Amino acid sequence: MSKTILCLCRDVTVQDVRRAVAEGYDDMETLKRFTGACTGPCQGKTCVDGIRQLLADLTGRPLDEVPAPPRRPPVTPVRLGTLAARDED
Amino acid sequence: MLGPSVIPGATSRELAPAYDAVIVGGGLQGVALAYELAKRQFGRIAVLEAAYPGAGASGRNGEMIRSAFATDEWIGLFDDSLRRWQTLSAELDFNVLFTRAGYLLLASTDAACEAGARNVVLQRRHGLHVELLGHDEVRALCPEMSPEMVAGGILQTDAGFAHHDATLWAYAQAAARRGVEIHPYTTVTGFGVAGDAVRSVASSRGEISTDVVVNASGGQAREIALLAGVDVPIETFRLEAMVTEPLAPFLRPAVSSPAIMGYCHQTTRGEFVGGTEPDVPTPSTSIKSTLDGARDMATKFVRLFPRLAGVRMMRHWSGVVTQTADVAPILGRAPEVDGFYLDCGWVYGFVGAPAAAALMAELIATGSTPPTLEPFGVERFSTGRLIRETSLVVASTDAGVT
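As they're listed, the protein sequences go chains W and Z.
1 is the number of the first residue of the first sequence in our numbering; add one for each residue after it.
1 is the number of the first residue of the second sequence in our numbering; add one for each residue after it.
The hints are simulated quantities; they were obtained by calculation from the structure and are not laboratory data.
Just so it is clear, the structure is predicted and the values come from calculations on it, not from any experiment.
Be aware that a few hints might be false.
[As the list claims (entries may be wrong)] Here are the in silico distance ranges between beta carbons for each label pair:
| hint | chain 1 | residue 1 | chain 2 | residue 2 | range |
| --- | --- | --- | --- | --- | --- |
| 1 | W | V75 | Z | T383 | 47 to 53 Å |
| 2 | Z | D279 | W | E23 | 43 to 49 Å |
| 3 | W | P62 | Z | R139 | 53 to 59 Å |
| 4 | W | K45 | Z | G179 | 41 to 47 Å |
| 5 | W | R61 | Z | R125 | 53 to 59 Å |
| 6 | Z | A117 | W | G36 | 39 to 45 Å |
| 7 | Z | G192 | W | A85 | 51 to 57 Å |
| 8 | W | L63 | Z | D196 | 47 to 53 Å |
[To be verified] Covered by chain W, according to a simulated footprint, are these stretches of chain Z (three or more residues, beta-carbon under 8 Å):
| hint | segment |
| --- | --- |
| 9 | 4-17 |
| 10 | 52-66 |
| 11 | 299-309 |
| 12 | 315-329 |
Every residue gets a Cβ at the ideal spot worked out from N, C-alpha and C, and that includes glycine.
Just chain W, same shape as in the assembly (with noise of 0.2 Å):
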């Protein structure tokens, strides 16, 4: 289990999230910023759900009351050329 990736843009395994959740970040939202998972290039699209599964798990709550932490844009990473105006002298 230790080896279980669940965050794979930052490396966060099943048991560093149950370390956090043992120490007390025990909220979705402080979870992920103790740990960095949902922070990376994929931004929680991949992570999100297995680890509200796993905090939900742990902490004996229903899932639906591990609510995913806001969505932030872009949807997908956009290079900062792309969105600079480009008349700007």
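Once you have looked at the hints, place chain Z on chain W.
Frame of chain W, contents of chain Z only:
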């Protein structure tokens, strides 16, 4: 069985019927103040947080740390803070990732260089470690910076940045070890005021007796104060920030640029983090990110660091700050209600928190205002003694772009 703790040091216990102090807002100001009050053995202290600790501006800010400002008042408060930042990890027994990488206030015009030269004289008089840099020196420090943006700058060599979440967690655990109760998901709904003094706090989880209340509620500070009949002259603005995918180290110091109204640094993880502000801020309590904000940041940061054109923005978020007419925080007593204290109106709240917490705790515990804190009282808006700080990178409706 106890419920979730949300962060180590927070609690899901029931509220006690009475506390010696109740702090409204579990952001960095509130939690740090709770720690400092506990250090002074102030008694039973509760921090009430409407969401999770750090949910507001404390977890959304740019994390940058400096004390090289342009007035005695700002330098006094923020240099007290900088000295605390330099030993904060040891004090709190938790690594807040303070990185002493330097803080560059970039000058892009000759006029900005001249103002910088004047400010450096004042800053040196306060004993600050500042260097006045010319074009070539800034280019050597930040080789990726666009040469056309560089006229010179002030480098504060022992300033830098830290990790905002780690700082909050560090204070929370240190406060909890000293008996502070941090109650997440607890909303304040009113205050009991009798004979011009605060007597109680009403919350979503029950009523509490207390003679001391501190309003450290960040973006909600105006509404919270009004519940006690206290009118705080602050306005709420939305700021936006972004983070890129990680890249190899290319930028060492924290950088502020008045020319693009922006501030940025590269984290130890390699991400470029920063925010920019429009020339004229729009009052807003919304924390929705905007496409205009993303384009403003992309345009300005590519102008400052052309290589960022090929780097991807990973995430973009918003937060709110409450701003006073002189953009300085409000720290001290609320004159209308005995026992009601104000620790709000922050724009530079992350850097200022360690000093503000210690000085506010001194005021609350001893009853006398530390001299460093005195200029920041709310009375200045009725006496007209505003603080004329000119080195801020903040869009302001009253003072114009400062």
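Query raised in the report: Taking 41 to 47 Å as the hint, is the beta-carbon distance of K45 (chain W) and G179 (chain Z) inside that range?
Result: The hinted range 41 to 47 Å holds for K45 (chain W) and G179 (chain Z), with Cβ atoms some 42 Å apart.
**Report entry** Given coverage of the segment 299-309 of chain Z by chain W, tested with a Cβ cutoff of 8 Å and a minimum of 3 residues
**Finding:** holds (count 6)
**Report entry** Annotated coverage of the segment 52-66 of chain Z by chain W, confirmed only when three residues or more have a Cβ within 8 Å
**Finding:** holds (count 5)
Requested in this report: Using the beta carbons of R61 (chain W) and R125 (chain Z), state whether their distance is inside 53 to 59 Å or not.
Outcome: Because 57 Å falls inside the window, the suggested range holds.
Query raised in the report: Is the distance from the Cβ of G192 (chain Z) to the Cβ of A85 (chain W) consistent with 51 to 57 Å?
Result: Holds, at about 53 Å.
Query raised in the report: Does the Cβ distance between P62 (chain W) and R139 (chain Z) fall inside 53 to 59 Å?
Result: Holds: the Cβ-Cβ distance is about 57 Å, inside 53 to 59 Å.
Query - Outcome for the supplied range 47 to 53 Å, where the beta carbon pair is V75 (chain W) and T383 (chain Z) - result: Taking Cβ atoms as reference, V75 (chain W) and T383 (chain Z) lie about 51 Å apart, which means the hint holds.
Requested in this report: Report holds or violated for chain W covering the segment 315-329 of chain Z, Cβ cut-off 8 Å, minimum 3 residues.
Outcome: holds (count 3)
Query raised in the report: So does A117 (chain Z) sit 39 to 45 Å from G36 (chain W), Cβ to Cβ?
Result: Given a distance of about 42 Å, which is inside 39 to 45 Å, the answer is holds.
Requested in this report: Take the segment 4-17 of chain Z, compare each residue's beta carbon with every beta carbon of chain W, and decide whether three or more fall closer than 8 Å.
Outcome: That given contact holds, which follows from 7 residues of the segment 4-17 of chain Z lying within Cβ reach (below 8 Å) of chain W.
Report task. Just tell me: holds or violated, for the beta carbon distance of D279 (chain Z) and E23 (chain W) against 43 to 49 Å? Result -> holds, 44 Å
Query - Hint check for D196 (chain Z) and L63 (chain W) - Cβ pair distance inside 47 to 53 Å - result: holds, 50 Å
Of the numbered hints listed earlier, not one is contradicted by the structure.
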